[in-house]
Each structure stands twice: as structure tokens, then as C-alpha cells.
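Given the sequences, and given the hints that come with them, work out the whole structure.
Residue numbers (this note's numbering): 5 to 192.
Check each hint, because a few of them may be wrong.
[Said to hold, decoys possible] Straight-line C-alpha distance at most 20 angstroms; calculated SDA-like pairs for lysine to any residue:
{"id": "1", "residue 1": "K18", "residue 2": "T35"}
{"id": "2", "residue 1": "K146", "residue 2": "I165"}
{"id": "3", "residue 1": "K86", "residue 2": "I190"}
Think of the hints as simulated: they come from the structure by calculation, not from any bench.
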Amino acid sequence: MAPVILASASPRRKQLLEWAEVDFEIMVADTDESYPAHYDPEAVAAHIALHKALAVAERAGNSRPIIAADTIVVLGGEVIGKPRDREDAIGILSRLSGKVHQVITGVSIQYPAGAINFTDTTEVAFHELTAEQVAFYVDKYKPYDKAGAYAIQEWIGVVGIKNIKGDFYNVMGLPVSRVVQALASIGY
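Shown next as C-alpha cells:
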């Protein structure tokens, strides 16, 4: 079988599919990541993932599965995106400190006979973080390409996360076991 297409340049999604031993190649397309203001957070993640998948399908055709995903962080119902700069990253992590937030990944798998679309939600609880811990993490790891200004698999996850409820890999950016199950259900 031809490899599936991963419609993402994320090194974390690439790593997760490699760990799952899924045969894939990467193809990305510029996609508008805006969404209607009235969407709830799950709909936001699903909407952006679907548009990423459809943009790549338009370029690549739809002869094999295309996997697209979008991960968002939600605190108190507010979608928190990627930080704009150092100050924004520090502000985001300071807001997450000592609180529980949700990480929601929307997944869209487009394939010749149809589509599989779903979201996966993981609750993440942070310990209280000191200003020094937050500044250290931001300055050393520069989490500017990460929703919520952090990566669970980095230092902040090791020392700052109290617990999670749900799929750890979802927080990394892809609920890979669900993706593998979805691919199996369509014969991949």
C-alpha cells in the first residue's frame, strides 16, 4: 500500500507516527486557521483539522488517507493559541500555573471512500509554578510554536505537571492510538 499522508510539519506528530510504525509521507498546504467566533473549543479543533486535510487533499488528490490534526489548549472555556513572543509565553504559563486546563486535538482523516473526523480531550493539571521556573522554561525551550506555550514531553512537563486525565500523546499533538485504530478500520 502507498504510504498515508501526514498533513502536518509538526516534528511531534511525525515522531508519534514513526513510533506507531505507520508508513507515511509529509505534505503540507498553507491553511487559514481562523474559525467562526461562536464555535465551542472542540468545534474549533475539528474545523481547523478538517481544513488542513482538505487543503492537502486538493493538492494530492484523495487516492490514499490524509491525516490532519490541530491541537488547542483551553482554560476556562478560552482557546489559548501559540504565544506571540517571550512575554506572551510567560503570561500563558503563569495563567496555567496551579490550574486544570484541557488539551483538545481535532483529527481529520480523508480517504477515497469518505472521512473520519473526531476530537480527543485530555485534562492537564499544573502544579503552582514559580516565576523563575516559567522564565527558565521559556528561555531555554522557546515554546513559541506550541499551543499553550508548552510541550508535555519537555522539562516543564516533567517538573510542572501534577497529573493528566486522558491520552498523554494527545497532549503531544496526536491521539495516535485512535488514529491507528481509524486507519485499521479503513484497511490501512
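Results of checking the hints against the structure:
1. The hinted pair formed by K18 and T35 meets the criterion: a straight-line CA distance of about 19 angstroms does not exceed 20 angstroms.
2. Of the pairs offered as hints, the one joining K146 and I165 holds, with about 18 angstroms between alpha carbons and a cut-off of 20 angstroms not exceeded.
3. Under the criterion of a C-alpha separation no larger than 20 angstroms, the hint pairing K86 with I190 is inconsistent with the structure, at around 33 angstroms.
Of the hints listed earlier, the one the structure fails to meet is number 3.
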